[in-house]
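Enquirer: Please construct the entire structure, taking both the sequences and the accompanying hints into account.
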Amino acid sequence: MSEYLVDIQHERLSFFTPAGEVKALNDVSIHLNQGEVLGIVGESGSGKSVTAYSLMGLTAYPGRLIGGTLEFNGHHINDMTEKEFRKIRGNEVSIIFQDPMTSLNPVYTIGNQIEEVILLHTDKNKSQAHERARELLELVGINEPEKRLKQYPHELSGGMRQRVMIAIALACEPKLLIADEPTTALDVTIQAQILELMIELKNKLGMAIIMITHDLGIVANMCEKIAVMYAGHIVEYGTTDDIFYNPKHEYTKGLLKSIPRLDAREHERLVPIEGTPVDMLNPPKGCPFAPRCGNCMKICLREMPPVTNISDVHYTQCWMNQKEQMESEARA
Amino acid sequence: MSERLVEVQHLQQYFPAGGWGKNKRYVQAVDDVNFFINRGETLGLVGESGCGKTTTGRTLLRLYEPTDGRIIYDGDVLFDKEKKIAVNMLPYRKKMQIVFQDPYASLDPRMTVGDIVGEPIDIHHLASGSKERYDRIIDLLRRVGLNSEHANRYPHEFSGGQRQRVGIARALAVDPEFIVCDEPISALDVSIQAQVINMFEDLQESMGLTYLFIAHDLSVVKHISNRIGVMYLGKLVELADSYELTMHSLHPYTKSLISAIPIADPVTARKSKRIVLEGDVPSPLNPPSGCRFRTRCPYADERCAMETPEFKEVEPGHYAACHHLDRCN
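Sequences listed follow chains A and B, in order. By our numbering, the letter at position 163 of the first sequence is numbered 163, and the numbering carries on one by one without gaps. By our numbering, the letter at position 200 of the second sequence is numbered 200, and the numbering carries on one by one without gaps.
The set of hints was computed from the structure by calculation and includes no laboratory data. The structure presented is a predicted model; accordingly, all values stated were derived computationally and were not measured. It is possible that some hints are incorrect.
[Stated by the list, open to error] Result set (DSSO-like, lysine-lysine): computed pairs, CA atoms no more than 27 Å apart in a straight line:
#	chain 1	residue 1	chain 2	residue 2
1	A	K253	A	K285
2	A	K257	A	K323
3	B	K273	A	K257
4	B	K273	A	K204
5	A	K253	B	K271
6	A	K285	A	K323
7	A	K257	B	K255
8	A	K204	A	K147
9	B	K271	A	K202
10	A	K204	A	K175
11	B	K273	A	K202
12	A	K150	A	K126
13	A	K124	A	K150
14	B	K83	B	K24
15	A	K253	A	K298
16	B	K271	A	K204
17	B	K271	A	K257
18	B	K95	B	K83
19	B	K24	B	K81
20	A	K124	A	K147
[Unchecked claim] Facing chain B, according to a computed beta carbon distance under 7 Å, are these residues of chain A, among others:
#	residue
21	S157
22	E196
23	A220
24	N221
[Unchecked claim] One side only, chain A facing chain B, incomplete, derived with CB under 7 Å:
#	residue
25	I218
26	I259
27	P272
Ideal Cβ placement from N, Cα and C applies to all residues, glycine included.
Expert: Right under this line is the structure:
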């Protein structure tokens, strides 16, 4: 039994597509304590969603777990059946999807959809479930909850729908909330409302959050720890301050340099990461970032770098860091 | 040659949205918008979805016929509702171009990239023979960072960033002076965005282009623009130099918009305080009377419901439309 709420060790997961094997996750390890907020950042296709989805058993055919162990709240995810998954989904672990327009069922009322979760996972009866649904809508800051319960998703705005999604996710007070780009489809002023709400609810209910996003601004504001993913590897992992003020991996450094800053006085030219994202069907040999890396060495093209521990929490997967560490050890 | 390359006055775009006779309803997408763009500069336009920024860009090019107002390009009146002027746009299309938001939808899947880029050359008869046409296409592709072998491929063979480059090459094919960039980078990955932004800047320098840069991401717009206009529900609410606007904004909407942007710096983020606006943007079918922002504005009073605030120059070069500028600053 793990002491962590979430403990993923050396997870490997592939999608067996007609075009070939896509190695979506290569040796991914993550652990998360009760009440912690972890941010996973990376470009599209880097495996950030798959990591979180595999905790809920949502990586169905043609996806297959090839190696590693996953534990969540005392459950061994590896050998759970679909029936067992249904018991924890929406109950112990919930998810908010990116697009609130498509993740609600258009032919059921908001009330139906919230009550469904409550009826499924608790022994409340229909009227108690209705009462709880009303409470939840109040909790997520929707006015006139009684009226909203009778409305259909198309009658609500994007921000409201995302609030409904959060209400559904929180219906059974989960231990872990997975937020998969919860605000990408929303405007900034609405995004601010939703993020504020998530933090407030986290403090009130004490759940852990995995925040999947490509927006470095959001993770800087919300998360305690950050995992940077590239081509199915966690290339750097550390506290928010480690990642922003002491980045070690070239990809992390590149990401931070490539975003324009709102508070910059002078016009500084952006430093983009050259090249294009990896083709996951034919990933390069060695370090997947090597073809785009400015400090690429010979060994990078041959072998995947091992994990280098910078501090207790902070680690990277880069030959440069490995080299530096070996040199400093030799000196000592 | 005038200093002001593009100017719009009282630009209005209402789209009919059902109804009959006096019950006929309109989506008031753009209402009474005034701005000008100097030669060689970049004007950024920001706002939330549905605020009319894209419509403004398209109406400016007369891709939609404006319902009211005036459009002046390089001293020539392209459109004037009052004087009933609406010139033939074909010669102006050679000078004014657009790059669309979605690089997946704005390229014809059945045309090769070479033909996509070559189409404007054919329309404006810019090449005397097929050899010259081909050379021009290759030159354009090179200019946006693609190469000659890409000319025979189809759009689906390209990544998002490369497709956006094709869209840019197509806009450059007629050697334009002015380009409307309609959210050209929002569909791209973060690491690719910086490449495309840099390319826009390089092209501006080498070809002397003028941009109207439309985006919802204020940090990107601030990076690329000389001046920025902020739109809310079809109205321009503030316009100023980009540094001035982000650091010393006057309008309460701009203030909340800026404070809502998550800053990618944990220390600043912990210190900063957000001004979180209540509620959602009202429908442009039935916008609030007076000041359109009043339903979400913390400073609103009766006057805001009665009178529409005038879009006036508050400080040199800094325009804002609000009754209570002294109270909220």
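Enquirer: All the hints need checking, so say for each whether the structure fits it.
Expert: These are the hints, each one checked on the structure:
1. A:K253 / A:K285: At roughly 22 Å apart (the allowed maximum being 27 Å), K285 (chain A) and K253 (chain A) satisfy the hint.
2. A:K257 / A:K323: Answer holds: K257 (chain A) to K323 (chain A) is near 23 Å, not above 27 Å.
3. B:K273 / A:K257: Holds, at about 25 Å.
4. B:K273 / A:K204: The hint holds at about 20 Å.
5. A:K253 / B:K271: holds (23 Å)
6. A:K285 / A:K323: Holds, at roughly 19 Å.
7. A:K257 / B:K255: The hint holds at about 26 Å.
8. A:K204 / A:K147: Roughly 26 Å between the alpha carbons, so the hint for K204 (chain A) and K147 (chain A) holds.
9. B:K271 / A:K202: OK: K271 (chain B) and K202 (chain A) at ~20 Å, within 27 Å.
10. A:K204 / A:K175: Holds - the C-alpha atoms of K175 (chain A) and K204 (chain A) are around 12 Å apart, at most 27 Å.
11. B:K273 / A:K202: holds (19 Å)
12. A:K150 / A:K126: holds (15 Å)
13. A:K124 / A:K150: Distance of about 20 Å is within 27 Å: holds.
14. B:K83 / B:K24: Between K83 (chain B) and K24 (chain B) the Cα gap is close to 26 Å, so the pair holds against 27 Å.
15. A:K253 / A:K298: holds (21 Å)
16. B:K271 / A:K204: holds (22 Å)
17. B:K271 / A:K257: Between K271 (chain B) and K257 (chain A) the Cα gap is close to 22 Å, so the pair holds against 27 Å.
18. B:K95 / B:K83: holds (24 Å)
19. B:K24 / B:K81: Between K24 (chain B) and K81 (chain B) the Cα gap is close to 21 Å, so the pair holds against 27 Å.
20. A:K124 / A:K147: holds (22 Å)
21. S157: holds (5 Å)
22. E196: Nearest chain B Cβ about 6 Å off; hint holds.
23. A220: holds (5 Å)
24. N221: holds (5 Å)
25. I218: Interface hint status for I218 (chain A): holds (5 Å vs cutoff 7 Å).
26. I259: For I259 (chain A), the interface hint holds, since the closest Cβ of chain B sits about 6 Å away, which is under 7 Å.
27. P272: holds (3 Å)
Checked against the numbered hints above, the structure violates none of them.
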